[in-house]
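Student: Each chain, letter by letter, is given below.
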Amino acid sequence: DVKVTQSSRYLVKRTGEKVFLECVQDMDHENMFWYRQDPGLGLRLIYFSYDVKMKEKGDIPEGYSVSREKKERFSLILESASTNQTSMYLCASSQRTLSYNEQFFGPGTRLTVL
Amino acid sequence: LAKTTQPISMDSYEGQEVNITCSHNNIATNDYITWYQQFPSQGPRFIIQGYKTKVTNEVASLFIPADRKSSTLSLPRVSLSDTAVYYCLVGGLRTGGFKTIFGAGTRLFVKA
Numbered sequence: 001d002v003k004v005t006q007s008s009r010y011l012v013k014r015t016g017e018k019v020f021l022e023c024v025q026d027m028d029h030e031n032m033f034w035y036r037q038d039p040g041l042g043l044r045l046i047y048f049s050y051d052v053k054m055k056e057k058g059d060i061p062e063g064y065s066v067s068r069e070k071k072e073r074f075s076l077i078l079e080s081a082s083t084n085q086t087s088m089y090l091c092a093s094s095q096r097t098l099s100y101n102e103q104f105f106g107p108g109t110r111l112t113v114l
Numbered sequence: 001l002a003k004t005t006q007p008i009s010m011d012s013y014e015g016q017e018v019n020i021t022c023s024h025n026n027i028a029t030n031d032y033i034t035w036y037q038q039f040p041s042q043g044p045r046f047i048i049q050g051y052k053t054k055v056t057n058e059v060a061s062l063f064i065p066a067d068r069k070s071s072t073l074s075l076p077r078v079s080l081s082d083t084a085v086y087y088c089l090v091g092g093l094r095t096g097g098f099k100t101i102f103g104a105g106t107r108l109f110v111k112a
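Going down the list, the sequences are from chains A and B. Residue numbering for the first sequence follows the working numbering, starting at 1 and increasing by one per position. Residue numbering for the second sequence follows the working numbering, starting at 1 and increasing by one per position.
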């Protein structure tokens with residue numbers, strides 16, 4: 001059974017802290033994604049990686065960075081957390097197909113920034 | 001940039017067929033249309049994907065008209081366990097990179 005795991009289900013941090021969210025997939029997928037999900041806004045793509053050490057900005061990359069040193073692991077970094085980054089963060093992975101859109105999601109990390 | 005629009009919520013009864021339509025007027029040539037289902041406290045789960053015409057799998061059908069500016073997810077004979085949020089996603093490889101646009105989601109409530 002395919003699996004995407006995220007390091008924490010719930011996280012509480014303070015404004016200005018550096019925050020690391022980790023995601024691991026066991027499907028040998030080339031693509032990995034980070035989204036944030038907010039009520040009424042659906043899912044918005046933060047960053048996308050199509051290979052080790054490769055990354056592309058999504059729709060809302062400001063205030064975030066990512067790291068992909070190994071194929072199975074994709075990290076999202078909040079350099080200096082702010083209250084407007086309080087959200088649900090979802091990681092996903094997919095094979096490198098024409099569509100890229102059959103994505104497998106992790107359970108999410110609910111981040112609260114105080 | 002393409003935007004997807006779908007109804008905020010829908011109600012249905014067990015055993016009925018439910019159709020949820022997503023509007024995506026600015027869909028690009030390389031974009032695929034994908035639908036996801038999400039339960040509370042879980043990540044979205046892939047339901048079905050298509051490029052044009054009709055696609056059917058064991059859980060749903062996806063209807064895409066020739067102009068591809070909209071798509072309709074059809075759930076046959078829904079049950080209480082189909083109560084969830086359904087997201088339409090449009091995206092694919094474009095000049096300049098990969099783009100993916102999720103709709104805001106349709107909350108489906110199935111009543112007994």
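Source of the hints: derived by calculation from the structure; they are not laboratory data. Every value quoted in this text rests on a predicted model; they were computed, and no experiment measured them. Even glycine gets a Cβ: it sits at the ideal position worked out from N, Cα and C. Where hints are given, some of them may not hold.
Claimed, not checked - Derived coverage of chain A by chain B (criterion: at least 3 residues anywhere in the stretch with Cβ under 8 Å from a Cβ of chain B; other residues may be distant):
| # | segment |
| --- | --- |
| 1 | 34-47 |
| 2 | 103-114 |
As the list claims (entries may be wrong) - In the DSS-like style, the derived pairs of lysine-lysine whose C-alpha atoms are separated by at most 25 Å in a straight line are:
| # | chain 1 | residue 1 | chain 2 | residue 2 |
| --- | --- | --- | --- | --- |
| 3 | A | LYS53 | A | LYS70 |
| 4 | A | LYS57 | A | LYS70 |
| 5 | B | LYS111 | A | LYS57 |
| 6 | A | LYS57 | A | LYS18 |
| 7 | B | LYS3 | A | LYS55 |
| 8 | A | LYS55 | A | LYS71 |
Student: Hints first: check each against the structure and report whether it holds.
Tutor: Here is how each hint holds up against the structure:
1. 34-47: holds (count 7)
2. 103-114: holds (count 6)
3. A:LYS53 with A:LYS70: holds, 8 Å
4. A:LYS57 with A:LYS70: Holds - the C-alpha atoms of LYS70 (chain A) and LYS57 (chain A) are around 19 Å apart, at most 25 Å.
5. B:LYS111 with A:LYS57: Given pair LYS111 (chain B), LYS57 (chain A) is violated - Cα atoms ~41 Å apart, limit 25 Å.
6. A:LYS57 with A:LYS18: Judged against 25 Å, a Cα distance of about 20 Å means the pair holds.
7. B:LYS3 with A:LYS55: Holds, at roughly 23 Å.
8. A:LYS55 with A:LYS71: Roughly 12 Å separates the two Cα atoms, so the pair holds.
Consistency note: the structure conflicts with earlier hint 5 alone.
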